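Protein chains: 2
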Amino acid sequence: MNSLKELGEFGLIDVLKQDTINDHSSVVVGIGDDAAVLLPTPKQLQLLTTDMLVESVHFDLTTTTPWQLGYKAIAVNLSDIAAMGGAPRHAVVSVALPHSTPPDLVVNLYKGMKEICHEFCVNIVGGDTVSSPHGLVINVAVTGEVEPANLVRRSGAQPGDVVVVTGNLGSSAAGLELLTAGQWEDYDFAWPLVTAHLTPRPQVKLGQLVAAAGATSMDDISDGIASEANEIASASQVGIRLYAGQIPLAAELKEAAAKLGKTPLDYALYGGEDFQLVFTMEPGKYAALLAANPELPVTKVGEVVDAGEGVTLVDQAGQVQTLKARGYNHFRQED
Amino acid sequence: MNSLKELGEFGLIDVLKQDTINDHSSVVVGIGDDAAVLLPTPKQLQLLTTDMLVESVHFDLTTTTPWQLGYKAIAVNLSDIAAMGGAPRHAVVSVALPHSTPPDLVVNLYKGMKEICHEFCVNIVGGDTVSSPHGLVINVAVTGEVEPANLVRRSGAQPGDVVVVTGNLGSSAAGLELLTAGQWEDYDFAWPLVTAHLTPRPQVKLGQLVAAAGATSMDDISDGIASEANEIASASQVGIRLYAGQIPLAAELKEAAAKLGKTPLDYALYGGEDFQLVFTMEPGKYAALLAANPELPVTKVGEVVDAGEGVTLVDQAGQVQTLKARGYNHFRQED
Chain A
1 MNSLKELGEF GLIDVLKQDT INDHSSVVVG IGDDAAVLLP TPKQLQLLTT DMLVESVHFD
61 LTTTTPWQLG YKAIAVNLSD IAAMGGAPRH AVVSVALPHS TPPDLVVNLY KGMKEICHEF
121 CVNIVGGDTV SSPHGLVINV AVTGEVEPAN LVRRSGAQPG DVVVVTGNLG SSAAGLELLT
181 AGQWEDYDFA WPLVTAHLTP RPQVKLGQLV AAAGATSMDD ISDGIASEAN EIASASQVGI
241 RLYAGQIPLA AELKEAAAKL GKTPLDYALY GGEDFQLVFT MEPGKYAALL AANPELPVTK
301 VGEVVDAGEG VTLVDQAGQV QTLKARGYNH FRQED
Chain B
1 MNSLKELGEF GLIDVLKQDT INDHSSVVVG IGDDAAVLLP TPKQLQLLTT DMLVESVHFD
61 LTTTTPWQLG YKAIAVNLSD IAAMGGAPRH AVVSVALPHS TPPDLVVNLY KGMKEICHEF
121 CVNIVGGDTV SSPHGLVINV AVTGEVEPAN LVRRSGAQPG DVVVVTGNLG SSAAGLELLT
181 AGQWEDYDFA WPLVTAHLTP RPQVKLGQLV AAAGATSMDD ISDGIASEAN EIASASQVGI
241 RLYAGQIPLA AELKEAAAKL GKTPLDYALY GGEDFQLVFT MEPGKYAALL AANPELPVTK
301 VGEVVDAGEG VTLVDQAGQV QTLKARGYNH FRQED
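Chains as they are written, first to last, in the working numbering: chain A, 1 to 335; chain B, 1 to 335.
Chain A extracted, bound-state conformation (with noise of 0.2 Å):
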């Protein structure tokens, strides 16, 4: 097959429904009919969400590989239930395609959304295929479930919490930055950033993890932790302190910073796509979680604090300023 035209589009729905249930228990009829049937878990809480990956927005097939692209259009989405405490349960992906698309970016492109539903045993149960004029445009929704005891939000954050981070922050901006820059490969420490931002690993685990150890609020980063700590004590009603000197940064970071002339603190607190929670919790249930899981992958970076004292970075010479978001806004005005 040498060109979608040839294939058409019921012979790519054909290849592309092949390997997308991973749980069978849960489907009754999959990709194939007009709507997916699925069996959801008696008593828990249903979870959706979506979103769209617009070629030349949010990503550049000079700079990703359609593999990459397709793990990452489902790995967003899957952050997005890891952040409320749930486990993702099905997937249905619609593709915008140009009619000079190569069949193998599109096998490829579903090749890697197969690898990721795969691993963290979500079912591909539907989509829609259709052409494009200009441009690749994927749009993922998800669906999960979440134990209603376990359910976390925005907005349960209290004064006390300690606010922890899983992972380290900001790689996934430098290794933006890198891909854009080019003839990043031949630097050791350019390989572990491109590789958070082109395949982002969504922290479902640990969501689920520390939802049922009583985290009282939970986001995802997508914006970075200043958008995101700002959102939190938004919808709490709540002020944060974040400590500067605490947040996790990987040492490639430190070198990438050193190298791109950047502060490496600045990709953490307000780059994108980093696809790590953030979440607030009563701090001796967090000494217990951390008790019970001494390995865990996890950072206190500050405080909840009164809604009076607002968003701030108190910075390693105890300096405090206030933290504003100013993560990815589409649309936004120019400064």
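Worth flagging that the hints you see were computed from the coordinates, not collected in a lab.
Be aware that a few hints might be false.
Simulated restraints on C-beta separations [said to hold, decoys possible]: (1) E119(B) <-> E119(A): 33 to 43 Å; (2) Q18(B) <-> Q158(A): 24 to 34 Å; (3) T62(A) <-> K285(B): 51 to 61 Å; (4) Q237(A) <-> N293(B): 51 to 61 Å.
As a list, the in silico DSS-like pairs of lysine-lysine whose alpha-carbon atoms are at most 25 Å apart [unchecked claim]: (5) K43(B) <-> K43(A); (6) K5(B) <-> K324(A); (7) K17(B) <-> K324(A); (8) K324(B) <-> K17(A); (9) K285(B) <-> K205(B); (10) K324(B) <-> K5(A); (11) K300(A) <-> K324(A).
Please read all numbers here as calculations on a predicted model, not as lab measurements.
C-beta: ideal position from N, C-alpha, C; glycine also.
Chain B: place on chain A using the hints.
Okay, now just chain B, sitting in the frame of chain A:
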């Protein structure tokens, strides 16, 4: 507000998220957290479907208003839920917008969506608003619910069943041709056809009614009855015999076809986007359905036959021809 830049992504979301919940009892968290949190109805099967509409492929902003486009973007998804016998429940909406998009266009797009969601008691519980370098893209994913006993798939048709359609067929395709040709406004016959194309009404109530009455298979008519008959025949491993003289055509379609120099039946057989339903049913159950609902807008158009007979059309002279799917196929090789 004069531009999306002034309003910004988050300002836009604040406007859009008003009046999005029509059934509060099933929504724990709507727009504004990482994912929507929903209460499923116990013991029902969950349905999930998605459709993407791309500017210049699926719609043209010179021939549709944003309100109509929003209405249709939801309608096509509700039609898929209707075709399973289900009730639509929740929608998530992604839109990719060029920077030059007037904010009023977006507001009116959402007004159209909110109108049909209100009409069918569907909640808009989330979405994604991103920028687009070229043209508007809308993706909607909708969940639904159905009693297990009322689920209707494409695969249950049995020889001896009647084949029935709702409403009239072909109107939407003729409406599209009129819109494309332009200068249709002076013709009274054009208005219902253009309306059928721009704001199709999903047959949710009829779908639920015929499902409960024992429909053995069902499909929504998105690609012409020839295509849907072939899909049901293939999924059910049966043949289908349609009678040309029985296919319901609007009087306005006949007038339009005369004006356009076309055969009205061709619009019904091969035209797209009617979003009516075609279903099969044991004749005794169909008679009982009609007896209980004498005003039902349904028409018997054929019979289910043995697979060996294939999918055929019997014309008014009694001539039998094989009926092939010729509906819209993205990426189809040109003839």
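Comparing the hints with the structure gives:
no.	hint	in the structure
1	E119(B) <-> E119(A): 33 to 43 Å	holds, 41 Å
2	Q18(B) <-> Q158(A): 24 to 34 Å	holds, 29 Å
3	T62(A) <-> K285(B): 51 to 61 Å	holds, 59 Å
4	Q237(A) <-> N293(B): 51 to 61 Å	holds, 53 Å
5	K43(B) <-> K43(A)	holds, 10 Å
6	K5(B) <-> K324(A)	holds, 19 Å
7	K17(B) <-> K324(A)	holds, 24 Å
8	K324(B) <-> K17(A)	holds, 24 Å
9	K285(B) <-> K205(B)	holds, 18 Å
10	K324(B) <-> K5(A)	holds, 19 Å
11	K300(A) <-> K324(A)	holds, 20 Å
In summary, the structure agrees with every hint in the numbered list given earlier.
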